[in-house]
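Taken in sequence, the protein lines are chains D and H. For the first sequence, the working numbering begins at 1346 and goes up steadily by one. For the second sequence, the working numbering begins at 1346 and goes up steadily by one.
Derived by calculation from the structure, the hints in this document are not laboratory data. Certain hints may be false.
[To be verified] Now the in silico label distances, taken between C-beta atoms and shown as ranges: (1) Glu1661/H x Arg1437/D: 33 to 41 angstroms; (2) Glu1697/D x Ala1434/H: 36 to 44 angstroms; (3) Thr1488/H x Gly1646/D: 25 to 33 angstroms; (4) Arg1421/H x Met1346/D: 32 to 40 angstroms; (5) Gln1505/H x Ala1504/D: 53 to 61 angstroms; (6) Ala1406/H x Ile1550/D: 25 to 33 angstroms; (7) Ala1353/H x Glu1697/D: 58 to 66 angstroms.
[As the list claims (entries may be wrong)] Chain H regions said to be covered by chain D (calculated; three or more residues, Cβ under 8 angstroms): (8) 1348-1355; (9) 1399-1406; (10) 1444-1458; (11) 1604-1613; (12) 1699-1708; (13) 1730-1740; (14) 1787-1798.
For glycine and all other residues, C-beta sits at the position ideal for the given N, C-alpha and C.
Number of protein chains: 2
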Amino acid sequence: MLKIRKIALDTEPENTAFLSRHCAAYRAEEFRALKKIEISAAQGREKRGILATLVIADDPAIVGREELGLGAQAFRRLGLPEGALVRIAQARPPKSLDAVRRKIAGEVMSPGEIDAIIADIATHRYSPMEIAAFLIASASFTTTGEMLATTRAMAKTGAQLKWDAPLVVDKHCIGGIPGNRTSMIVTPIVAAHGLQMPKTSSRAITSPSGTADTMEVLADVSLSIDRMREVVQHENACLVWGGHVNLSPADDVLITVERPLSIDTREQMVASILSKKLAAGSTHIVLDIPVGPTAKVRSQGEAIRLRKLMEFVAKEIGLVIDVVFTNGAQPVGRGIGPVLEARDIMAVLKNEPGAPADLKARSILLAGHVLDFDPALRGGAGRARAQALLHSGEALAAMERIIEAQGRTTGDLLPGALCADVIAPRTGCVTALDCFRIARIARLAGAPMDKGAGLDLFKKIGDHAEKGEPLYRIHSCFKSDFEFAKSMAMESAGVSLDDAPVRESLRK
Amino acid sequence: MLKIRKIALDTEPENTAFLSRHCAAYRAEEFRALKKIEISAAQGREKRGILATLVIADDPAIVGREELGLGAQAFRRLGLPEGALVRIAQARPPKSLDAVRRKIAGEVMSPGEIDAIIADIATHRYSPMEIAAFLIASASFTTTGEMLATTRAMAKTGAQLKWDAPLVVDKHCIGGIPGNRTSMIVTPIVAAHGLQMPKTSSRAITSPSGTADTMEVLADVSLSIDRMREVVQHENACLVWGGHVNLSPADDVLITVERPLSIDTREQMVASILSKKLAAGSTHIVLDIPVGPTAKVRSQGEAIRLRKLMEFVAKEIGLVIDVVFTNGAQPVGRGIGPVLEARDIMAVLKNEPGAPADLKARSILLAGHVLDFDPALRGGAGRARAQALLHSGEALAAMERIIEAQGRTTGDLLPGALCADVIAPRTGCVTALDCFRIARIARLAGAPMDKGAGLDLFKKIGDHAEKGEPLYRIHSCFKSDFEFAKSMAMESAGVSLDDAPVRESLRK
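Please work from the sequences and hints to get the whole structure.
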């Protein structure tokens, strides 16, 4: 038996265990070839065990001969105190991997097999390599039946919310467009109208902000399911972080492999989005698909194929879906990064004259589609109703109530104090903004970890810029981030003037 | 810039880097999502860099704020001293991954693309996940052209031996049968005859011994290419460890992913075996495919398909191949584990009356096929010639010369002193031996790490056993291994008496 010891290494999402090469009780070499061990509590405790990837340690300061080191994830998931006694054994690969192997050989997976695979993935029984095997076997060919079964299986793995209302609406964007924070305007409009919209959002993973990050500038977003219910009961809606309520956790594991591999299949996107909506208890969804040269979906044809897939699965799992194509040519609004985005959102809700017109128009469009689900409104009247609720200040009042109910953030969050402007090197017209590049610069500036970090865009496509006029401003909170962001912006700013990219043009 | 620090963790085959979450120069979170970084020496040195998987550390004792920790593999491959200054950057994924992605989407890879993929894999630029992507995309469908290109690409990645002789023979077994050490008898027979046979062998990875492990009981096997040439020049043959001469190193990387995933495609086996033979400079090869219920190839049909694949690729790359099907129903010889196997081999070479007859017969069969490549022998005369060389003691003399030339091992290696017998729980006839189970027990006993550990088989299929008679003996060098091996043998011994498996039958 070995004593467990916590090793402060973060190997998310993987469980990692560290065994001394000169372990007293086990022959480390014996486990090495297959790399995976099963760790179980020694007797006397309830039966619990985890699978972990094995690393062999040659330094007694890291792990001693009678110890088993556990990385942060493995330690947390095993749930035993330091010093607890455990046994280890060569891990039997999850049984569901047999179905993955048959899939590789060309067979179709049954819904039962997919259930088992997804359950094993959600409980961290698959190594990243094994997850890659599942994803790639599916990426080469997935039947619509498999896609459907995957969606259902993913929805089943975590919490499943139920609501009393007959109509539970939601709005989702497939992402990829910086500053596209319409959810924070659509939700209060819908709440003001009186429909139930328990909005769960994600935090940024590779982007400069997720809706949960931006909402957190204004209010607490890490609500328990019970607190979330209370807020929705009183205010019709909420804007909380979905990660905290554990919806479709298999998706969170899958994404940690999809991202480094850049596997991005439509089928997996459909299963990911719709499983979360199903688990969240939504009945009617508006889905925003931005289309543009630097967006996730780059052509109308691609957008239509994705819409058809979404509609097919939604119908089968009993969700009503309304897919809206939007302009994905450039970032939305002005601010990129939590504080700067929150500022734009509040400006729109407050009907301030300088509020970004594109963010406002797009929010009204999407809110209108959501309101059209209300049978009490006559077809097509949703948009006018959305506009009225925004203009009258009712949406702002709803937002303030939601913020209060979730717990208002105390203290003012301000844009990062370190600033530099990217300026127009010549007079011209802005002809392109590269969503990907702009997101990258904002992220280097420190967003979303530093709430005030990010970019503030002064010129959008079609705008005229005089030589020397600022195109956007970089905000950072820390010197090192500031330097990284500036040097990337100098290399290429992500803006084109009269079709020529802006480079080496910074005023410090 | 960060100072490198060696971290004594073995993450073979992967490069791993450890960065403090509170790193002074870089934002750890920025690299986290994609998990992979590029490490390069700060200026002033020749340009060198490696890719590594990133782990975030929260313990300043493991890695400080101004340091970059490197696991054993990454440290070795970067090749800089501790304290050297490096820069890190988000890794650009290897360009060849685009071809893998197209393969996943259903396209066929060109020879040029396969060259680039295999070169990147051999130089550790692919993470295990990315290797899995390549293997699985190929496992679902590989054209014969792709298999051929993979074989050629793999042969090109490492050392490529050239020999002066017009006929350079080799003999290879696809493996899976414990005790099947015919190479150590075939090679001296062939050397005695006068053909050139520069035999490179592998060490065990999941089996209780590889030919290199067993040969090491008798002689040094870690020879440089130059020393290997000298031995072959003087003795016609050698028996060295292939890992030391770096033949087809991509194969060694691929296997670290194939094994934990249990992906075992015929195409990959063909590329693996034939690329090594091509790189070794062989011209004529005898390939042993054991067929049996617990062997790698389980039916005649499967064996024939594999033979056709081997013949196709061998022909295209200019190798003459002679495929021999052998009985793979049970282990060969008596000893399983380096010392015990070496004892059997020397008994056969010395024509001792008690030498295992099956090992002898099989060695003569295979040596005969190798000698048949000699145009000076009349077709089919190889077998008689092999028998004669063995019986006359010429093969033994050749073996002694090879041992001397490579460097004889000093000191006697003996079977492990801790012994226990698995005994017949009833009188009956041995009807089956499970190769997989027996290998597992021998490995737990300590083979191949402890040369003397392993099993000594007293009864083979068809033998009669009286109740209480020993079926086999477990040898261990260390108490803990001994206990593990015994408890696994107690659970199920891997022997059947009159078709009933032997369980819980041990005399200590």
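Against the structure, the hints come out as follows:
1. Glu1661/H x Arg1437/D: 33 to 41 angstroms: holds, 40 angstroms
2. Glu1697/D x Ala1434/H: 36 to 44 angstroms: holds, 41 angstroms
3. Thr1488/H x Gly1646/D: 25 to 33 angstroms: Between threonine 1488/H and glycine 1646/D, where Cβ atoms are some 30 angstroms apart, the hint holds.
4. Arg1421/H x Met1346/D: 32 to 40 angstroms: holds, 33 angstroms
5. Gln1505/H x Ala1504/D: 53 to 61 angstroms: This hint holds: roughly 58 angstroms between Cβ atoms.
6. Ala1406/H x Ile1550/D: 25 to 33 angstroms: For isoleucine 1550/D against alanine 1406/H, whose Cβ atoms are near 29 angstroms apart, the range 25 to 33 angstroms holds.
7. Ala1353/H x Glu1697/D: 58 to 66 angstroms: Cβ of alanine 1353/H to Cβ of glutamate 1697/D: about 59 angstroms, so the range 58 to 66 angstroms holds.
8. 1348-1355: holds (count 4)
9. 1399-1406: That given contact holds, which follows from 6 residues of the segment 1399-1406 of chain H lying within Cβ reach (below 8 angstroms) of chain D.
10. 1444-1458: holds (count 4)
11. 1604-1613: holds (count 5)
12. 1699-1708: violated (count 0)
13. 1730-1740: violated (count 0)
14. 1787-1798: Holds, because 4 residues of the segment 1787-1798 of chain H bring their Cβ atoms closer than 8 angstroms to Cβ atoms of chain D.
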